[in-house]
Amino acid sequence: MITRKDLLDIESLETSEVEFILENAKPFKDLFTRSVKKVPALRGKTVLSLFYEPSTRTRTSFEIAAKRLSADVTNFSVSTSSVVKGESIQDTVDTLQSMKCDYIVVRHKASGVPGMIAEMTDASVINAGDGFHAHPTQALLDAYTFKEILPEMKGKRIVIIGDILHSRVARSTARCFHKLGVEVGFFGPGTLIPDAVPEFIHTFRSYEEAVAWEPDVMYLLRLQLERQKHNFLPSLREYHQTFGITHKRFQALREKGTWIMHPGPVNRGVEVADDVMSYERSLINQQVENGIAVRMSVLFSMQPRVAARALGDSGESSS
Amino acid sequence: MIHEIPNGPQLFQGGSIATESDREAKRADLLVEDGVIIGIGPALGIPEGAEVIDCSGKILLPGLFDMLVHLREPGREDEETIQSGTEAAIAGGFTGILTMPNTDPPIDSAAMVRFVQSLARENARIPVQTAGCISKGRLGKEMAEIGDMHATGARLITDDGSSVQDPNLLLRAMQYARSFDMLVGSHCETPMLNGEGVMNLGSMSYKLGVPGMPAISEEICIERDIRIAQHAGARIHIQQVTTSRGLEIIRRFKNEGVAVTAEVSPHHLLFNEEHLAPDYNTSLKMNPPLRTEADSEALLEGLIDGSFDVIATDHAPHSSYKKNMDFMAAPFGILGLETALLSLFDRLIKPGRLGWDSLVRAYAKNPRTILGLDEATGLKEGASLNLVIFDPEGETQITRESLQSQSHNTPWLGKTLAGNVESVWLGKTRLI
Chain A
0 MITRKDLLDI
10 ESLETSEVEF
20 ILENAKPFKD
30 LFTRSVKKVP
40 ALRGKTVLSL
50 FYEPSTRTRT
60 SFEIAAKRLS
70 ADVTNFSVST
80 SSVVKGESIQ
90 DTVDTLQSMK
100 CDYIVVRHKA
110 SGVPGMIAEM
120 TDASVINAGD
130 GFHAHPTQAL
140 LDAYTFKEIL
150 PEMKGKRIVI
160 IGDILHSRVA
170 RSTARCFHKL
180 GVEVGFFGPG
190 TLIPDAVPEF
200 IHTFRSYEEA
210 VAWEPDVMYL
220 LRLQLERQKH
230 NFLPSLREYH
240 QTFGITHKRF
250 QALREKGTWI
260 MHPGPVNRGV
270 EVADDVMSYE
280 RSLINQQVEN
290 GIAVRMSVLF
300 SMQPRVAARA
310 LGDSGESSS
Chain B
0 MIHEIPNGPQ
10 LFQGGSIATE
20 SDREAKRADL
30 LVEDGVIIGI
40 GPALGIPEGA
50 EVIDCSGKIL
60 LPGLFDMLVH
70 LREPGREDEE
80 TIQSGTEAAI
90 AGGFTGILTM
100 PNTDPPIDSA
110 AMVRFVQSLA
120 RENARIPVQT
130 AGCISKGRLG
140 KEMAEIGDMH
150 ATGARLITDD
160 GSSVQDPNLL
170 LRAMQYARSF
180 DMLVGSHCET
190 PMLNGEGVMN
200 LGSMSYKLGV
210 PGMPAISEEI
220 CIERDIRIAQ
230 HAGARIHIQQ
240 VTTSRGLEII
250 RRFKNEGVAV
260 TAEVSPHHLL
270 FNEEHLAPDY
280 NTSLKMNPPL
290 RTEADSEALL
300 EGLIDGSFDV
310 IATDHAPHSS
320 YKKNMDFMAA
330 PFGILGLETA
340 LLSLFDRLIK
350 PGRLGWDSLV
360 RAYAKNPRTI
370 LGLDEATGLK
380 EGASLNLVIF
390 DPEGETQITR
400 ESLQSQSHNT
410 PWLGKTLAGN
420 VESVWLGKTR
430 LI
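Each protein sequence line maps, in turn, to chains A and B. Take the first sequence: its letter number 297 is residue 296 in numbering that gives the first Met the number 0, and every next letter is one higher. Take the second sequence: its letter number 380 is residue 379 in numbering that gives the first Met the number 0, and every next letter is one higher.
Treat the hints as calculated values from the structure; they're not laboratory data. Each hint should be verified, as a subset may be incorrect.
[Said to hold, decoys possible] Cβ pair distances, simulated, as ranges:
{"hint": "1", "chain 1": "B", "residue 1": "Y320", "chain 2": "A", "residue 2": "E13", "range": "49 to 57 Å"}
{"hint": "2", "chain 1": "A", "residue 1": "K37", "chain 2": "B", "residue 2": "D103", "range": "32 to 40 Å"}
{"hint": "3", "chain 1": "A", "residue 1": "T2", "chain 2": "B", "residue 2": "E394", "range": "31 to 39 Å"}
{"hint": "4", "chain 1": "A", "residue 1": "P150", "chain 2": "B", "residue 2": "E247", "range": "51 to 59 Å"}
{"hint": "5", "chain 1": "A", "residue 1": "S11", "chain 2": "B", "residue 2": "A293", "range": "45 to 53 Å"}
{"hint": "6", "chain 1": "B", "residue 1": "H274", "chain 2": "A", "residue 2": "N284", "range": "37 to 45 Å"}
[Stated by the list, open to error] Distance condition first, Cα-Cα at most 20 Å in a straight line; then the derived EDC-like pairs of lysine to aspartate or glutamate:
{"hint": "7", "chain 1": "A", "residue 1": "K4", "chain 2": "B", "residue 2": "E47"}
{"hint": "8", "chain 1": "A", "residue 1": "K247", "chain 2": "A", "residue 2": "E208"}
{"hint": "9", "chain 1": "B", "residue 1": "K322", "chain 2": "A", "residue 2": "E208"}
{"hint": "10", "chain 1": "B", "residue 1": "K321", "chain 2": "A", "residue 2": "D90"}
No residue lacks a Cβ here, since even glycine has one placed at the ideal position from N, Cα and C.
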C-alpha cells in the first residue's frame, strides 16, 4: 500500500514502496496478452500529460498505460517553441487545477519542476523526467525488467555506461537498483562522469575493468550527439571504440551471457554496434513493454488528494 | 517616521555598547547633544534637562554600512527603488550603503553618478554612496570614464556581477584607477567554467541534477585579479568570497602585503548547498553560489581572524514572478539588508560563535574606512551620532508585510529571527 500523492524521484520512496509498485505491475503486464487489455481501475479519472520537453516514447507509454486503466487522457500541449524562458509555472498549474484533473504527468527541462507543481496542486504528480534530476518511472521499469530475468536481485551487478553527468536515468536507475540490493557501477568518459557520485557506486577506469567486475547487465545510456560540440568528447567514433559495445566486445559479452539494457532510443554505432540490437539477451524491447505495465502500476498506486476525498464520501454527493 | 531629536542633551542609559575591541558588548551610557556624542561611560549622571532614553538590556552599536547593494533604480523600479531599498537598509540597522552600478542604464559615467546621487538626495534618509562601472555599459570592452566618476564622488569601480574577462582591459583599468586611488571591486568568476551552472558543482548538484559552477571558477579569478592589481599597484576589493581556497588565496596575498581587501556575505556564512534540497528554493540561488558546509565554516574563521575585512549582503531584489520560475530560469540574487544583522545575531552571535567586535569591525568600521568615508562612525566622544539600538531579547518576524523592500526573495521569509532593531539614530535624527 502506498499513501503518497506524488512520484517525484526514487530517493524519497521506501524500498517497500518500490517493491509494491513492481509487484503490482505484474498483473497489469499479464493483461497485455489478452484480447481485452483494459481494466476499469481508473474509470472516471483524468490523466493529463504536461510535457515541456519533446518526448514521443515516454508520453505514449504513459498514455497507453492510462488508457488501459480506463482513465481519460488529455495532452496539455506546451509548445516548446512558445515556452519562452520565464513562463509562469504557477499560471499553468492554476489553469490545470481548475480543470480538476486527477493525475498530472510532467516532463520539464529544469530539475525540480515536478516538485514545484506537486506543491501547487491536489492532483497526483508523476515525474516523467526533470532536467538531469530524476526519471523514476524509467528506473522502476528498468528494475522490473531486471527482476524478470534475475528474480533474486540482491548481489547482482549492473554497470551503467555513458553520459552519467547529464543523465536523469542514471541517477534514478542507480538509486533504484541500489535500494533493491543490486550493486551498481558507472563507466564513461572523464568529462561525463561526475566527481561526486554517491558512495555506493563503483567506478571504473577502463572498459576492461568494468567487464572484469563481472556485471550481469550492461546498461548503455543514450548519448546526446551534441555533447561533442561542447568538448565533452572528441568524436563519436572514439566514443564508440572506447565506451561503446563494439562488435568485438559484443562477441565477448555474448559468450559470457551478459544482458544488455538501454533506455532508448539507441544510436546505432555509437552506444552499441548494430548487431547488438538483435542479441537474444538484449532487453531493450522488454523495457518498452514493461514500461507500460509499470506506469499502470504507478498510476494505480498514487493517491490524488481529490480522489482520497471522493473515496471518503458515501458515494452519492459530497457536502 | 522622521523624528527630529529635540534640543538639549539626551542620555542613552542602561545599555551595553558593542565595539571593535571587545567580544561582548560592555555596559555604558551615552550622552549626546546636538547629534554629537559628548560623553560615554558606565554610569553617567543625568545632566539637567536631559531626555533619558532607557536602554536597559539593549545593545548599542554603530550604524552598519553595506558596500554591496543593488537598488534597481533606474531600470527596475518594480523590484526596488532608492527609497524602498534605503528604508530596508534602515530597518536592518544600516546608516549607509554603497549602491552597485548594474542599473539600466548602468552607472558608467559622471552623469549617471550625479543622477543617482540626486535621486538619493530626494528619496533616501541615509547617505547613499555610488559605485561606477569599470567598462562602458558593463560590457567588458572599453574603459569607462573612471576619472570623471571619481570626481563626482564614485567610491569604487566594478562591473558588478560581470567579471571583466579581458585581462588587458582589467590591467589598464586598474592602472588608470590607481591614478585616482580609486578602489576596484571584483566579482570573481570564470564564466566559461561556469557554463550554464546555477549552483555549486559537487555532490549536491549531482543529486539535484542541476548544472554546477565549480569552485575553481571563482578561485582562478580571485588569483588572477589580485595578481593584476598587484602588478598595477591598484587597491582591489574582492566581493563575495565563497570558498575556503579562495580565502586562502586572499590570505596569501595579504601576507605578501598586497593592497587587497575581501568580503563575505551573511548568506554564505549561514547557508550551504545542502539547503537547496529538497525544494530547489530560488531564494537560495545567487552567484557566486552557496558552497559546502566546510566552506561556510572556513569563511566564519576568516571573518573572526580578520582575513575578511568586510561583511556585505549583495542585496539583490527580484520580483516574485521571476523568482517563482524554475531553478534554472530564476535570476540569481537574494535580499539581505533587512535580515543581515538579525540572522548573524540569531545564528552566530547569540550562540557565541561570533563576537560583537567582529561585527562592528567588519560591518560598521571597515567598509567606511576602505571606501575613504570620513564620517566618524565609532561610538566615541566627539563623533556624530550614528547608532543602532538592538534588543537581544526581542524577536523579529520576517513576512511580506514586514519587509520594507519591494521584493520578497529572502530565504528568511516566514521565519522568526532572534533580536530586534529597535531604533536607528543618525546625527540629530531618529530614523526609526
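Going down the list of hints, with the structure as the test:
The hint said 49 to 57 Å for the Cβ distance between Y320 (chain B) and E13 (chain A), and at roughly 37 Å that hint is violated. The hint said 32 to 40 Å for the Cβ distance between K37 (chain A) and D103 (chain B), and at roughly 58 Å that hint is violated. Taking 31 to 39 Å as the suggested C-beta distance range, the pair T2 (chain A) and E394 (chain B) conforms, at roughly 37 Å. Here the CB-CB span from P150 (chain A) to E247 (chain B) is close to 54 Å, well matched to the stated 51 to 59 Å.
For S11 (chain A) paired with A293 (chain B), a C-beta distance near 26 Å fails the hint of 45 to 53 Å. Roughly 43 Å separates the CB atoms of H274 (chain B) and N284 (chain A), a value that falls within the hinted 37 to 45 Å. Annotation: proposed proximity of K4 (chain A) to E47 (chain B) is violated, straight-line Cα distance about 71 Å (limit 20 Å). A threshold of 20 Å between alpha carbons decides the hint, and for K247 (chain A) with E208 (chain A) the separation of about 16 Å falls inside it, so the pair holds.
This hinted pair does not check out: K322 (chain B) and E208 (chain A) have alpha carbons roughly 46 Å apart, beyond 20 Å. Annotation: proposed proximity of K321 (chain B) to D90 (chain A) holds, straight-line Cα distance about 13 Å (limit 20 Å).
Checked against the numbered hints given earlier, the structure breaks hints 1, 2, 5, 7, 9 and satisfies all the rest.
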